[in-house]
Structures are given as C-alpha cells and as structure tokens.
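Put together the whole structure using the sequences plus the hints.
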Amino acid sequence: MEQFLQQLTNGLAVGGIYALIALGYTMVYGVLKLINFAHGDLFTYGAYLGMTLLTSLLLQGRLGAVGGVLVLALMVMGLVGLLGVILERAAYRPLRESPRLSAVVSALGASIFLQNALMLIYGARFQVYPEGILPQRAVNVLGLQVPLMRIVVVLVTLVMMAALYLFVQKTKIGTAIRAAAIDQGAARLMGIDVNRVISLVFLIGPALGGAAGLLVGLYYGQINFTMGWIYGMKAFTAAIIGGIGNIPGAMVGGLLLGVVEALGAGYVSVAWKDAIAFLVLILILIVRPTGLLGERVAEKV
Amino acid sequence: MNRRLLAAYALFAAALAAAPFLLDAYWVDVLNSVGLYALLALSLNLILGDAGLFNMGQAAFYAVGAYVAAILSTRLHVPILWALPVSGLAAAAFAAVVARPVIHLRGDYLLIVTIGMGEIVRIALVNDVGGLTGGANGIFGIARPSVLGHRIRTPQDFFFLIWAFVALTVFLFHRLEQSRFGRALNYLREDPVAAEGSGVNTTRYKLMAFVLGAAWAGMTGSLYAAKMTIISPESFSFWESVLVFLIVILGGSGSIPGVIVGAFLVVGLPEVFRGFATARMLVFGLVMMVMMIFRTQGLLPFRPVRFKESDVPRPT
Numbered sequence: 001m002e003q004f005l006q007q008l009t010n011g012l013a014v015g016g017i018y019a020l021i022a023l024g025y026t027m028v029y030g031v032l033k034l035i036n037f038a039h040g041d042l043f044t045y046g047a048y049l050g051m052t053l054l055t056s057l058l059l060q061g062r063l064g065a066v067g068g069v070l071v072l073a074l075m076v077m078g079l080v081g082l083l084g085v086i087l088e089r090a091a092y093r094p095l096r097e098s099p100r101l102s103a104v105v106s107a108l109g110a111s112i113f114l115q116n117a118l119m120l121i122y123g124a125r126f127q128v129y130p131e132g133i134l135p136q137r138a139v140n141v142l143g144l145q146v147p148l149m150r151i152v153v154v155l156v157t158l159v160m161m162a163a164l165y166l167f168v169q170k171t172k173i174g175t176a177i178r179a180a181a182i183d184q185g186a187a188r189l190m191g192i193d194v195n196r197v198i199s200l201v202f203l204i205g206p207a208l209g210g211a212a213g214l215l216v217g218l219y220y221g222q223i224n225f226t227m228g229w230i231y232g233m234k235a236f237t238a239a240i241i242g243g244i245g246n247i248p249g250a251m252v253g254g255l256l257l258g259v260v261e262a263l264g265a266g267y268v269s270v271a272w273k274d275a276i277a278f279l280v281l282i283l284i285l286i287v288r289p290t291g292l293l294g295e296r297v298a299e300k301v
Numbered sequence: 001m002n003r004r005l006l007a008a009y010a011l012f013a014a015a016l017a018a019a020p021f022l023l024d025a026y027w028v029d030v031l032n033s034v035g036l037y038a039l040l041a042l043s044l045n046l047i048l049g050d051a052g053l054f055n056m057g058q059a060a061f062y063a064v065g066a067y068v069a070a071i072l073s074t075r076l077h078v079p080i081l082w083a084l085p086v087s088g089l090a091a092a093a094f095a096a097v098v099a100r101p102v103i104h105l106r107g108d109y110l111l112i113v114t115i116g117m118g119e120i121v122r123i124a125l126v127n128d129v130g131g132l133t134g135g136a137n138g139i140f141g142i143a144r145p146s147v148l149g150h151r152i153r154t155p156q157d158f159f160f161l162i163w164a165f166v167a168l169t170v171f172l173f174h175r176l177e178q179s180r181f182g183r184a185l186n187y188l189r190e191d192p193v194a195a196e197g198s199g200v201n202t203t204r205y206k207l208m209a210f211v212l213g214a215a216w217a218g219m220t221g222s223l224y225a226a227k228m229t230i231i232s233p234e235s236f237s238f239w240e241s242v243l244v245f246l247i248v249i250l251g252g253s254g255s256i257p258g259v260i261v262g263a264f265l266v267v268g269l270p271e272v273f274r275g276f277a278t279a280r281m282l283v284f285g286l287v288m289m290v291m292m293i294f295r296t297q298g299l300l301p302f303r304p305v306r307f308k309e310s311d312v313p314r315p316t
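So the sequences go chain by chain: P and W.
Going by our numbering, the first residue of the first sequence is number 1, and it counts up by one from there.
Going by our numbering, the first residue of the second sequence is number 1, and it counts up by one from there.
Calculated directly from the structure, the hints in this document are not laboratory data.
Treat the hints with care, as some may be off.
Said to hold, decoys possible - Residues from chain W that face chain P, not an exhaustive set, calculated with beta carbons under 8 Å:
| no. | residue |
| --- | --- |
| 1 | Leu111 |
| 2 | Ile112 |
| 3 | Ala279 |
What the hints assert, rightly or not - Here are the computed distance ranges between Cβ atoms for each label pair:
| no. | chain 1 | residue 1 | chain 2 | residue 2 | range |
| --- | --- | --- | --- | --- | --- |
| 4 | W | Ala93 | P | Ile173 | 49 to 57 Å |
| 5 | P | Tyr122 | W | Gly135 | 29 to 37 Å |
| 6 | P | Tyr122 | W | Glu234 | 32 to 40 Å |
As the list claims (entries may be wrong) - From the derived model, a few chain W residues whose C-beta atoms are all more than 12 Å from chain P:
| no. | residue |
| --- | --- |
| 7 | Arg153 |
| 8 | Thr169 |
| 9 | Ile230 |
| 10 | Trp239 |
All figures in this text were calculated on a predicted structure; none of them were measured in a lab.
Don't be surprised by glycine CBs; every beta carbon is placed ideally from N, CA and C.
Below you can see the structure in the form of structure tokens.
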C-alpha cells in the first residue's frame, strides 16, 4: 500500500507536468489544427533558461527562497512565451494558407533547430540544477512521507490549470480564443482579431510549457537538451487521451497518463516505461480517436 | 521515362562507376552510406511521396530487416545475401500487421503513430526481446557476404553491391510509378475522395504501398547488417527516420531522381563540411522550415506525365 501510494503521488506530479505541456499542444491544435512539434523543445528551453537565470542572477539571495523561485518562474514563463510567439511568426504564420502537412514539416524543422541550437550553446551533456533551492524535506501527509517538492509540483500544476481554465471560460479574451477555435472566419466577422488570438495562444501555451520545464529542473535536478522530445511525445499522448483541442481533456489526460506510467513502471517494468505511453497513444488512436472528451481525428472515407 | 532523364541517369551511373577507382576508401565508404540512405529514402518515397502517407517510423522496418538478417546469419549461419529476401518479407509482414489498424488515420496522426511504433521497436530491441536481439549491445559477428565465390569485404566491393541494388531499385520503382499501381497511388494522394469514387480501393492501395516500402527498407537493413557486421539499437533511432524523411521532403517527394539528389545532399554534404558536423542538424532544421515556406515541393519535384493532344487516340 505504501509503495502504491508513493507511486500514485509520483504519478500525479509527473502527470501534472505532462498536463501543463499538453495544454500547449491542445490550445494550438484547437485554434490552428496544427501539431506544434516544437512545443516539447520550448519546454526544454524553460528548463535551461531556469537553470541559467538561477545560477547567474542569484535571485535566491536577494528575494528569499519562495520569492526567488516565484520571480524566476515568471521570468522563465515570459521568455519562453516570447519564444513561442516568435516561433509562430517565423515558422507557422507564412504557412497558414499552405497544406496542413507543410506546416507539420516546418514544425518538425523548428523542433530540430531549437533542440540543436540548445546543444550548441550548452553542450550535449546533462546539466545540473544548483542544489538546495527548495528544502528537500519530506512531509507527513496522512501517515505517508511525501517529498515536499512533489507536493509543490502537484499544487503548482493544479493552480495553473485552474487559472487557465477560468481565463478561457470566464474572460472576454478567453471567449475570443474559444470562438477562434470553433470557426476562424466567423470569429473574424464578429470583430475578433484572429491573428492576435493565435499570438496569444502561442504566448500562453509555451509559457505553461516553460513553467513545466522549470518544474522538471527543480524536481529532478537534471536536464538534457533532448528531453523535450520524450516529454513532448508524452504530453501529446496526454492531449490525445483527453481529446485534442479540449482544455480540461488535456488536464485529465496528463494526470491519467502520469499515474498509469508510474504504476506501470512500478509494477510491470521500468525498462518498458516509455513504451507504455506510446502503446497507450496508439491504442487510443485506434480504438477511440476522439479521446475521452474530444474531437474526431480519423478520416472516414 | 523521358530521354533527358535517361541521359541524366546514364551520365550519373558512369560518374559513379568511376568513383571507386578515383577515390580513397574513406570516400567510397561515404558513397556507400549515401547509397544505403538512397535506398531507404526510395522505400519511404513509395509511402510518403507516392501514397502521401506521413510515415516517420521507417527506421523500424529498417531495424526489423537488419535484425532478421543478423539473427539468421549468426544463429543459423544463413549466407547474408540469402537472408536479404527473408528480411524483406519479415519487414513487409511486420508492416502489414502494424499498419492495418492505423492506415486510415489523418496525416499528422499517422505521423505520430509511426513515430510511436518506431520507438516501441527500438525499446523492444534494447530490452532484448525473446533473447534474440542482444539488448543494448546488439548483435556482432555477422558474416560477410559473397557473390559467386567472391568475398565482399572492402568498401569498393560493397560500393558495387550497394549501388547495383540502388540501380535495380530505381529501375523497378520507375516501372512501378508508371504502372496501374503507381498511378492509383498518385491519384489517391492528390484526391482520395475522387480516387475512391473512381473505384480505387484506397485502403488496400495505401496498405500495399506501406508493405512494399517496408519490404525495401527491410532489405536495405540486411545490406546494412552485412556491411557493418555489427548492429545495435542506436543505429535505428528516431533520428534515422527523421533523416530519411528529410531526404524525401528536400529532394522532392514522389520524385525518384529528387530522392537520390536528396540522399547526396543530406548524407554526402555534411561529410564535405565535416568541420561543421555539430551544426548539421541545426542547418537541417532551418532548411526544413525555409523549404516549406519557399519551395514546398522539394528540389527536383515530381512531374506528372503530360500528354500531348496527339497522344490521345481519337474516337473513330
């Protein structure tokens, strides 16, 4: 039982990270019907930017542990969001009218470019986050010893997801995003600046992805320039599980995938951990391509 | 095939045939790599270029072929060139099984599924499935091939083996392109609904393209195993699939000469500029974006056969 609960909480933490990344995929897909392959790499940029800012600015010393991390998170989110907006301008906007698959190839190209740029800057080796940023204590939750960092990750991801959900559902700009996702032409006729909505989506999605990267850096302490690819694939799987284009779906899918994977790694085999996610992805696409709550993706000819 | 293309092929073949006598072993080996990638790209071109199916898991079929050949060679001592058709068949059978349930998925989803399939195959190889694949270390001690009693050992020998296979492939695939099968594939790539409406069984043709492409990748895998004598899962990673995909897209998807030019550019050029080897993928990524924006169809795009009015028989 102890092991089960540990795996479960670990799965929730990892799942929360998947969900944060998945939100970026799902929002972009919702508005542009494009799989943003470079999104996983934006997540990696979040992790690397977090490390660089952490070591160079010494925010901890100036603002204290909690304040420092908070300011750091805002900076990382802002920078990665900006990168997302630039990416959209450079690689996707010129292809808005082209066949969908051209945009997919361009997205792949962007992913390869971003990943290798990071490698050329930082080198191919694993990078290590400075230690002792947040206290490495374990907290007693109902008789279970849970690492504090794990709780922080779960709470932060839940808060961000809730904030995004409320933003999209309750505000005027959120309504514009949803309108553009349903029908761009009609949204334009209603006076919505669709280009601005798309830029906004490319600001919010990568910002959340960047935050997830920072969380991974803080949680595991070790980052690598290729990690965005595997996290990106997992997060994409999460988005598909929940039904791509659907914001609550991405959250549910992410948490579900994290838990399934953690339990699979704990009880079946660690060596096959990555294969589990891909298998789930393929099975979902075959059996229920709409995801748990989402859009139709298979063509019936 | 028109005359100009035929002349271009003849010129190209003559230049290539002279290469092993003029270049040192290193550059001949580079040309061997180009040849293997050209074969892989031609096999993917059938799936991606002709049928328009976004497959980014070609390395999986390549791996199946290479491992089948390696296992046959090391365990059963089958001569590696006899294993060549077997590995082609194995890869084809594998493709038929995995592609059947996913072939109807829309473009970008098919892409994701094939990436997933490629990764599962790689993870399975690393985990030493059935105790046959040798785990992360792979399989070593694969016997050298021999043709008519002549043992193929040096890069020069392999050069002729590999490029003979390329020539055969190019010939067969050109024939295929103009056959009923090839025309049906082009039709369903351009307009699946109209193709279906004209009686083309789209699912069947897509599946056939997939299986045939996989068979060719499998045979290329066995050539690779024979050349290296040692294979391991890392040779069949996701990047291998990306590279082959890139060759087809850059060269001109659906165009056989385009794909060969693509193989020279993607595999050969980085060798020429070896000083910048680390920046190679960076440049590829950039080129992919720029190409999609300015020249979507590739360097030497597919040209559909045009008929003059005089070619069309008049009803009498």
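Right, here's what the structure says about each hint:
1. Leu111: holds, 7 Å
2. Ile112: Result: holds, 7 Å to nearest chain P Cβ.
3. Ala279: OK, holds: W:Ala279 within 8 Å of chain P, min 6 Å.
4. W:Ala93 / P:Ile173: 49 to 57 Å: The hinted range 49 to 57 Å holds for W:Ala93 and P:Ile173, with Cβ atoms some 53 Å apart.
5. P:Tyr122 / W:Gly135: 29 to 37 Å: holds, 30 Å
6. P:Tyr122 / W:Glu234: 32 to 40 Å: violated, 22 Å
7. Arg153: holds, 34 Å
8. Thr169: holds, 25 Å
9. Ile230: holds, 22 Å
10. Trp239: violated, 9 Å
Consistency note: the structure conflicts with the earlier hints numbered 6 and 10.
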